[in-house]
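S.K.: Taken in order, these protein sequences are the chains called A and B.
For the first sequence, position 79 matches number 79 in our numbering, and the numbering has no gaps at all.
For the second sequence, position 70 matches number 70 in our numbering, and the numbering has no gaps at all.
Hints listed in this document are in silico derivations from the structure and should not be mistaken for laboratory results.
Since we're looking at a predicted model, the values are computed, not measured.
Some clues are possibly wrong.
[Unchecked claim] Taking lysine-lysine and the DSS-like style, the derived pairs with C-alpha atoms no more than 30 Å apart in a straight line are: (1) B:K317 <-> B:K217; (2) B:K397 <-> A:K221; (3) B:K408 <-> A:K214; (4) A:K237 <-> B:K196; (5) B:K317 <-> A:K191; (6) A:K214 <-> B:K404; (7) A:K214 <-> B:K317; (8) B:K82 <-> A:K186.
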Amino acid sequence: MYVTKSEKVTSRLGSLNEDGWHYSGLPGLQWEAENARMGDRKVMKRIVEEVQADPRFEDFYHACINCGNCTAVCPPFRLVDFAPRIVVQKVMHAKDEPELLYQMMDQYIWSCFQCYSCWEVCPAQNNPGGLVAMLKESAVKHGLTSAKRSLEPYSKILYKVMTTGTQITPDMHSSNAPFRDWGGGKADLAKHLREERAAVAVETLAGTIDKSWKVDDRTMKELITIEKEAGVTDMVKQTLKDVAEMVEEAGEELGVPK
Amino acid sequence: MTESQALNLGKGDEVEMRTVDLKFLQKLSMDRKAHLAYGKVEDYLRMLEKMKELERSGEIMVHHVGDEYEPATVKTLSGREKKVPTVELWQHKSCGQCGHIPGYISALYWIMAELKIPYVDDTNQTSCTAWNYYGSGTSNPVALSAVFARNMHAAYEKNAYPLIHCGTSYGDYKEVRYLMVMSREVRDQVKAILKKIGRDLVLPEELVHYSEWLHVKRNEIAGRRKFDVSNIKAAVHAACHTYKLMAEDFTYDPTIMEGRRPAPTTSVAMALGVDVKEYSTWSDCCGFGFRHILTEREISRSFAYFRKIQPIVRETKADVLLVHDTGCVTTLDKSQVVTKAHGFPETIPVVSDAQFAALAMGAHPFKVCQLHWHLADWKGLLEKIGIDWKTAETEYKDYVQALKEGAKPVYITPPPRRLKPRAKETFS
Numbered sequence: 001m002y003v004t005k006s007e008k009v010t011s012r013l014g015s016l017n018e019d020g021w022h023y024s025g026l027p028g029l030q031w032e033a034e035n036a037r038m039g040d041r042k043v044m045k046r047i048v049e050e051v052q053a054d055p056r057f058e059d060f061y062h063a064c065i066n067c068g069n070c071t072a073v074c075p076p077f078r079l080v081d082f083a084p085r086i087v088v089q090k091v092m093h094a095k096d097e098p099e100l101l102y103q104m105m106d107q108y109i110w111s112c113f114q115c116y117s118c119w120e121v122c123p124a125q126n127n128p129g130g131l132v133a134m135l136k137e138s139a140v141k142h143g144l145t146s147a148k149r150s151l152e153p154y155s156k157i158l159y160k161v162m163t164t165g166t167q168i169t170p171d172m173h174s175s176n177a178p179f180r181d182w183g184g185g186k187a188d189l190a191k192h193l194r195e196e197r198a199a200v201a202v203e204t205l206a207g208t209i210d211k212s213w214k215v216d217d218r219t220m221k222e223l224i225t226i227e228k229e230a231g232v233t234d235m236v237k238q239t240l241k242d243v244a245e246m247v248e249e250a251g252e253e254l255g256v257p258k
Numbered sequence: 001m002t003e004s005q006a007l008n009l010g011k012g013d014e015v016e017m018r019t020v021d022l023k024f025l026q027k028l029s030m031d032r033k034a035h036l037a038y039g040k041v042e043d044y045l046r047m048l049e050k051m052k053e054l055e056r057s058g059e060i061m062v063h064h065v066g067d068e069y070e071p072a073t074v075k076t077l078s079g080r081e082k083k084v085p086t087v088e089l090w091q092h093k094s095c096g097q098c099g100h101i102p103g104y105i106s107a108l109y110w111i112m113a114e115l116k117i118p119y120v121d122d123t124n125q126t127s128c129t130a131w132n133y134y135g136s137g138t139s140n141p142v143a144l145s146a147v148f149a150r151n152m153h154a155a156y157e158k159n160a161y162p163l164i165h166c167g168t169s170y171g172d173y174k175e176v177r178y179l180m181v182m183s184r185e186v187r188d189q190v191k192a193i194l195k196k197i198g199r200d201l202v203l204p205e206e207l208v209h210y211s212e213w214l215h216v217k218r219n220e221i222a223g224r225r226k227f228d229v230s231n232i233k234a235a236v237h238a239a240c241h242t243y244k245l246m247a248e249d250f251t252y253d254p255t256i257m258e259g260r261r262p263a264p265t266t267s268v269a270m271a272l273g274v275d276v277k278e279y280s281t282w283s284d285c286c287g288f289g290f291r292h293i294l295t296e297r298e299i300s301r302s303f304a305y306f307r308k309i310q311p312i313v314r315e316t317k318a319d320v321l322l323v324h325d326t327g328c329v330t331t332l333d334k335s336q337v338v339t340k341a342h343g344f345p346e347t348i349p350v351v352s353d354a355q356f357a358a359l360a361m362g363a364h365p366f367k368v369c370q371l372h373w374h375l376a377d378w379k380g381l382l383e384k385i386g387i388d389w390k391t392a393e394t395e396y397k398d399y400v401q402a403l404k405e406g407a408k409p410v411y412i413t414p415p416p417r418r419l420k421p422r423a424k425e426t427f428s
């Protein structure tokens, strides 16, 4: 009389078109369909359990009334296929259909700007941006392909923040650094970076090139210890192994045991 | 004739309203927003009560905004009175500003030195590391909370009150303080980590953004202006993470745009005599997006230009865009280069409220405000204020040359501190 859950899921996955669009091609969620088909259901279920057991979950998720206020104010929605309402909806149904959450985690969520405009306007007090942050964290922890793809170009920033607690450091403005589209003014500045940096009138900033300000070794040691003890280094290892190992090496140099 | 404005209802629909009615509607919507978030406001106030209980039971220590910090009082969106410390500040620097827009921080320090405000600029500080969390999911609540707690403990040891420069750090710290107070599980894990690094759990009674400090000091700042800036028109962009991320606790004031917008930054400009202009996309974010500004630049830049810069210039004809967050300055300033190359003519200088206030007070545009790190053309703004930027540029170049030849650098120096550090630091 009723379709089983697995029949329902098979039927939904089968209805994705070649471009990965669901709901007969109507605008909606763009799935990483192939990955989801190959995905490990145990991992999918574990992700849902972890998200729902998180101490933030009961503050971030209540129940979506589908009003769309969040999507109306969402910056990425104006430019790419991303809607915070969809995120909350998928979280709402995640227990019964973990595949839906998993598919969304595999690409969709990485468009979020984390501006929290959605949280401010939700009449049901949901925090879609907060849910996305939790899901990104879970994607990194479980080493999802999309997390690797999204974070690879970001490796240097990740390393800088994890080891020094600072980033967008002056040495990232050299002529071969990733800010060439900031124009000729920036290029001129890059040519005389050391002189310009030496002339900054704040003693903790003046002359620092590889960090944003002078950071004590002891401070960096504490930071790396926190990341190790809180499980961040292990988590990053699942997605960007090289970065995590470099952080561990930096920690060892400062006296943090591996 | 009664002044009227069009209210955009979306999907191309507009309704013509009297300006006075539109302002009333916006005020009503702000009031409703504060009350709509029933759970949020009440939970936040409950959290503050619970923090007091935890302090009484000896489970945590609280860093109070005592009289030694000469606090001023402001009202937040929730209607709560919030204490803003004004002296003996521990400068919580921003990872997004110090490396490439150093004038942001030097202008703030310069203002403080001019107003004889003692402060601590500590090298024993990390950023909040929430850039990694929001940008890439590469942190977790326990790590973020522990980083927050270590920085707050470092400030407590120095007997100085944390003043947070970055909007994201301010928002993140509000989130993790809430989490640590409300969740015993998170609190216990953080305490165990802090023990390993020889620190205790000390939570600040109030979390204060630097723009709130400028807000309470605005009249003093205005009293020291050297240039008449009443001919300047400004647009203001408030950072999402100051007033949307745990919205309850940011400063609002009924005398500043009738309380329809957050008070800081706008209030400073108004106190200086600037004509602050409104625009239709006021509440939109800057387009920063954390990871996007670095690795998915097209989306970040497109949003910044077409939702902020272009409408601001077209609607307000403002001379300057004033901002109070490092990520926003970066995005809004840097996103004007490629669009200009593609033939979009609208451009506007982007500076922080601190930089603008310092300029009005007579700060050096290069040595102090470091405007040469900004990309959108600011020369027209300086000329309109009456600042001779050409002479200033020559002075700065001479200074850089002198430094190269071994001259001693000149740093901004605060007045001596009145409070002594609390305890010897124990971590080794």
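S.K.: All hints, please: hold or fail.
M.R.: Hints, one by one, checked against the model:
no., hint, in the structure
1, B:K317 <-> B:K217, "28 Å, holds"
2, B:K397 <-> A:K221, "38 Å, violated"
3, B:K408 <-> A:K214, "19 Å, holds"
4, A:K237 <-> B:K196, "23 Å, holds"
5, B:K317 <-> A:K191, "34 Å, violated"
6, A:K214 <-> B:K404, "21 Å, holds"
7, A:K214 <-> B:K317, "40 Å, violated"
8, B:K82 <-> A:K186, "40 Å, violated"
In this structure, the earlier hints numbered 2, 5, 7, 8 are contradicted, and the remaining ones agree with it.
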